[in-house]
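Visitor: Residue strings, one per chain:
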Amino acid sequence: MTLTKRIIPCLDVKNGRVVKGLNFESIKDAGDPVELAEKYSSEGADELVFLDITASDEQRKTIKDLVRKVASVIDIPFTVGGGVKSLEDARNILLNGADKVGINTGAIKNPKVITELMELFGRQCVVIAIDAKRNYHTDDSKNIFIENDKQFWFEVFIYGGKEGTGIDVIQWVKDAEELGAGEILLTSIDKDGTKDGYDILLTKNVVNSVTIPVIASGGCGKPDDMINVFKESNVDAALAASIFHYETHGVNGVKSYLKDRNISVRL
Amino acid sequence: MVNVAIFDYGAGNIFSLKNSLEKIGATVNVITNFDDENIHSGLLLPGVGNFDPAMNGIRNFSKIQFKEYVGNMPVLGICLGMEMFFGKSEEGKEKGLNVIDGEVIVLPSGMKVPHMGWNNLEIKKPGKILEGVANGSWAYFVHSYRVKPNSNDVITAESDYGIKVPAVVEHDNFFGTQFHPEKSSIVGKIMLENFLKECKK
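Chains H and Y are the protein sequences, given in the same order.
Following this note's numbering, the numbering of the first sequence begins with 1 at its first residue and continues without gaps.
Following this note's numbering, the numbering of the second sequence begins with 1 at its first residue and continues without gaps.
Everything labelled a hint here was simulated from the structure, so no lab data went into it.
One should not assume that every hint holds.
Unchecked claim - Reference listing, derived: stretches of chain Y covered by chain H, where coverage requires no fewer than 3 residues with Cβ under 8 Å from a Cβ of chain H:
1) 9 to 20
2) 33 to 43
3) 48 to 62
4) 66 to 78
5) 178 to 188
Even for Gly, the Cβ is constructed at its ideal location relative to N, Cα and C.
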């Protein structure tokens, strides 16, 4: 036996509640984060990810209490991301009970924070979250891909997918690993919310560009999407939100389904 | 009731470990040096941080040194905490605690590093920490280095990650897990309970 693929429920938290946008429109309340964390943990989730999408820094300060509450009810690892800008933000999250901290915009704006975090807390705490989107304006400096006769590259987006950076995802993951990242949380903006399946091309190419673990995110609508991403790429973990939130499939149900189809999971 | 201490090197999540121990009935104090009177029946070296800063944290802020403080008291080293039991580590330049003969080396290239996620325990021989733990049980690992004891006798369980990674070691009153029991669900809880049982003896 060997290391299993990880199945990771993601909880988007806004003002202390779990929310889920349906097709980028109405944000629907999906429950209490602490209750959901406890439920997923007992159902066999391998890890949890919390993304704080609270708009203002002022309201975000409540994350510390939330991290503490979650840490006291679960006995599996969890990552907290969203709005992490500095060493101090990360420290605040880690010292209150999170195992890893996810940094996205903060790492693009100040890449040396990756190294600082690694040196202080160890590489395994540092998750670089990346929102990736196809850009069809190609130039020679980018890693170009072709799909359906169209050429494009994958661009890093920040501020919750609102702002392009001109940075090539494939280059950025290599740089992030070099700087001290322990894991990549890779979200496809193109696929997010579509329930159409993960972005296999993106995932496969990121996995092949680094030697640290990668979590695939964005687009999961059914357990078969997880099977596809695991079979088509050597990705380490699959993250999903909606398929767990609304009881369409329990965590355990999803994992049993995967196991029956020869994906190595912990059951 | 059993009273144990967690040594805090100041780097990372010890809240979860403290919480797990309290849930199974321990009284837990977090200590940052060995100079106060030892009122504890067990010590835990948590698995967060980096080798050199953690060793400096253990060595530089106390008049009383580790071995003197610990005596025959059971000590559980988790991940980095277990790595510190050995003489030296490729992660740093500082000397380790040297209570188990051997060294700490980086995981082989060719596999993803860190080794992160749930892996099986292959139980090699009975051990105090492993009592009641079934062969093949899942544990949560996250590490970039592995221990290489001079004697394989101290290894009670291994895990397969391309090579055999020592997962649990026991030597006298020193117990080590490369994985995180506080993050390993019910199986981890059994092992922490086993450790507390040792502390009560």
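Visitor: None of the hints should be skipped; say for each whether it holds.
Guide: These are the hints, each one checked on the structure:
1. 9 to 20: As far as the segment 9 to 20 of chain Y goes, the hint holds, because 7 residues have Cβ atoms under 8 Å from chain H.
2. 33 to 43: This one is violated; 0 residues, fewer than the three required, reach chain H with a Cβ under 8 Å.
3. 48 to 62: holds (count 4)
4. 66 to 78: violated (count 0)
5. 178 to 188: With 7 residues close enough to chain H, the hint holds.
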